[in-house]
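Chains A and B are the protein sequences, given in the same order. Numbering of the first sequence is given in this note's numbering, commencing with residue 3 and proceeding in unit increments. Numbering of the second sequence is given in this note's numbering, commencing with residue 41 and proceeding in unit increments.
Among the hints, a few may not be true.
[What the hints assert, rightly or not] Pairwise CB distance ranges (calculated): (1) L56/A <-> A94/B: 37 to 45 Å; (2) R139/B <-> Q305/A: 19 to 27 Å; (3) P225/B <-> A308/A: 49 to 57 Å; (4) S173/B <-> S306/A: 22 to 30 Å; (5) R195/A <-> T107/B: 36 to 44 Å; (6) R139/B <-> V232/A: 25 to 33 Å; (7) A94/B <-> F251/A: 29 to 37 Å.
What the hints contain is simulated information worked out from the structure, not anything from laboratory work. Ideal Cβ placement from N, Cα and C applies to all residues, glycine included.
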Amino acid sequence: MTVHSQGAATSAPQDAPPKSAGRPKAPTTAPGSSHPVPPRGGRKSLPSGWLPYLLIGPAILSLAVLLLYPLIKNVILSFQDINKVEFIQRKYPFAGFDNYTELLGDSTFWTVVVRSFAFTLANVALIMALGSLIGILLNRLGKWMRLVLSMALVMAWAMPIVASVQVFQWLFDEQFGVMNWVMRTVGFSGYDRHNWFETGLSTLTIVTILVVWGSIPFVALNMYAGLTTVGGELYEAARMDGANGWQTFWKIVFPNLKPFFLITTFLEVIWVFKAFTQVYAMKKGGPDRASEILPVFAYVEGQSQAHYGLAAAISVLTIVILVIVMSFYFRLILKQEEEQ
Amino acid sequence: MRPGSVVKNVGALLLALVFVFPVYWMFSSALKPADQMLTKDPVFVFTPTMDNFAKATGVTNFWTYVTNSVLVTVGAVVLALLVALAASFAIARMKFKGRKGLVLTVMMAQMAPWEVMVIAMYMIARDGEMLNSLPLLTAIYFVMILPFTIWTLRGFIAAVPVTLEEAAQIDGCTRGQAFRKVIFPLLAPGLMSTSLFGFITAWNEFAMVLILNKDKTAQTLPLWLTEFMTAFGNDWGATMAASSLFAVPVLLIFVFLQRKAVGGMTSGAVKG
Numbered sequence: 003m004t005v006h007s008q009g010a011a012t013s014a015p016q017d018a019p020p021k022s023a024g025r026p027k028a029p030t031t032a033p034g035s036s037h038p039v040p041p042r043g044g045r046k047s048l049p050s051g052w053l054p055y056l057l058i059g060p061a062i063l064s065l066a067v068l069l070l071y072p073l074i075k076n077v078i079l080s081f082q083d084i085n086k087v088e089f090i091q092r093k094y095p096f097a098g099f100d101n102y103t104e105l106l107g108d109s110t111f112w113t114v115v116v117r118s119f120a121f122t123l124a125n126v127a128l129i130m131a132l133g134s135l136i137g138i139l140l141n142r143l144g145k146w147m148r149l150v151l152s153m154a155l156v157m158a159w160a161m162p163i164v165a166s167v168q169v170f171q172w173l174f175d176e177q178f179g180v181m182n183w184v185m186r187t188v189g190f191s192g193y194d195r196h197n198w199f200e201t202g203l204s205t206l207t208i209v210t211i212l213v214v215w216g217s218i219p220f221v222a223l224n225m226y227a228g229l230t231t232v233g234g235e236l237y238e239a240a241r242m243d244g245a246n247g248w249q250t251f252w253k254i255v256f257p258n259l260k261p262f263f264l265i266t267t268f269l270e271v272i273w274v275f276k277a278f279t280q281v282y283a284m285k286k287g288g289p290d291r292a293s294e295i296l297p298v299f300a301y302v303e304g305q306s307q308a309h310y311g312l313a314a315a316i317s318v319l320t321i322v323i324l325v326i327v328m329s330f331y332f333r334l335i336l337k338q339e340e341e342q
Numbered sequence: 041m042r043p044g045s046v047v048k049n050v051g052a053l054l055l056a057l058v059f060v061f062p063v064y065w066m067f068s069s070a071l072k073p074a075d076q077m078l079t080k081d082p083v084f085v086f087t088p089t090m091d092n093f094a095k096a097t098g099v100t101n102f103w104t105y106v107t108n109s110v111l112v113t114v115g116a117v118v119l120a121l122l123v124a125l126a127a128s129f130a131i132a133r134m135k136f137k138g139r140k141g142l143v144l145t146v147m148m149a150q151m152a153p154w155e156v157m158v159i160a161m162y163m164i165a166r167d168g169e170m171l172n173s174l175p176l177l178t179a180i181y182f183v184m185i186l187p188f189t190i191w192t193l194r195g196f197i198a199a200v201p202v203t204l205e206e207a208a209q210i211d212g213c214t215r216g217q218a219f220r221k222v223i224f225p226l227l228a229p230g231l232m233s234t235s236l237f238g239f240i241t242a243w244n245e246f247a248m249v250l251i252l253n254k255d256k257t258a259q260t261l262p263l264w265l266t267e268f269m270t271a272f273g274n275d276w277g278a279t280m281a282a283s284s285l286f287a288v289p290v291l292l293i294f295v296f297l298q299r300k301a302v303g304g305m306t307s308g309a310v311k312g
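Chain A on its own, in the form it takes in the complex:
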């Protein structure tokens, strides 16, 4: 105890100067240092109760200003009737639930909702299934072939989205695209000047190929990295017990990598559901707005049609849908959080 208080006494003057800059006053404040023992090292730190809040403060503040505020603004907009004229005059009259009733009674809106779900489901299922399979394949390849395949995956992964959209447009070009040439070479002569972007469905199919191609590497490479953490002896044991590949996957790989599947599926659902760039940069939601998914629908209504209030309502509904779909996921992940 005595040793401690001595230490406190010697360290106190060192601490004092930065706080009370005036030299002459230092001696008078020094006696006041018969305070509780400061922490080891003599440095006065913030009360530990504040420190975490100080550390998270900037993050919370930026999220509030740049994310929460636009979100709230978005909700307010969705209750206003803003079209071109109101927009230019900067008058934002309230319209109650008009935008929502208009949307919910509009079959176009529901078509887009169904299309968004189908698009997300198809993409995520393909990404997860193919990505996992390729991950497993990577794990079973020899060193060199593994390097070749993972390098190829990294190339596709690293392709910036806008660039890959341009490349896929070029690959599927009506007149000079390499895909039509491939189809003709394989023997389908009907693919002379075949228009791959003729319908909304065919356009979304191309977008799906693009998204799946670009997303598989993330899943496959992480799956492989995850597999390497599962001990080889587990597979060995399973094989000894006569398990086939399917059983090995469900009994050993899946339970071990459950957090991986959980979070990856979660991320992929979010990413695909919000895939604006791929769809918009491909054909701007066309032909005839038939490849619009919710984010593109909101954008086109807002920007091209100048229905700002309506567009905001679409985006609010999109967010609500996303939150409902994701809510059970939050529960799962929070539960996992508690287990740690």
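Position chain B relative to chain A; hints supplied.
For chain B alone, coordinates are given in the frame of chain A:
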């Protein structure tokens, strides 16, 4: 070789070709002379030319696009790392009221539908006289990548044993020094992989800059890529050259960092 392994290796090779082909086609089209570009049957052997690159980089404002992209991307990533490092340290290492709420907030923010909010963003920017503003764009990208950065770094910090930190403190380090000297160096892979993902998100961003920055002097490279596709026709050579130039930095970073980034994802974000 057993037949099984032949199938496996041939399959892997075919897959590798499928994944690499679009990338290869982009580069090879970019180098193709104009008269061999637009042919019904694609030409695979040709004398490479730099014409397309010259055309792509010859547009007015090219260097403005480059500067804007670099400034905005680097700015957003650095900001995100600083802010996220503090927050994730608190989440991973400290007990405080509202910690769970914060974790939930970060997760929710991770799924923020930015693309959906462009209309609201536009109205806010217009009313605040901030259209065509690079600082605003940087700030938006920073917040876009912040949740992911916090989430991933939190995992990395949690993976560093607390005992290391305590040992440093017993040896006379303050908490801050213990962080700087012990934890920070161990976080290098985590910092690399998070900045990689942040970089890619910001470098790629298309929706916000498309709507907020209509003025060409305030635009970034993703919009430059679409400049050669007009209602009057598509200049595929220039588009492919632009896309190649746009992709090269990311490809290089990825090839150098992928091992760390991939391991990082699983140890950091995925396994928590």
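Here's how the hints hold up against the structure:
The hinted window of 37 to 45 Å between L56/A and A94/B is violated, with their beta carbons roughly 53 Å apart. Distance hint for R139/B and Q305/A: a CB-CB separation of about 40 Å, inconsistent with the stated range 19 to 27 Å. At roughly 54 Å, the beta-carbon separation of P225/B and A308/A lies within the given 49 to 57 Å, and the hint holds. The hinted range of 22 to 30 Å is satisfied by S173/B and S306/A, whose Cβ atoms lie roughly 24 Å apart.
A hinted range of 36 to 44 Å holds for the C-beta pair R195/A and T107/B, which are about 42 Å apart. Between R139/B and V232/A the CB atoms are about 31 Å apart, so this pair conforms to the stated range of 25 to 33 Å. Between A94/B and F251/A, the C-beta spacing of about 52 Å breaks the proposed range 29 to 37 Å.
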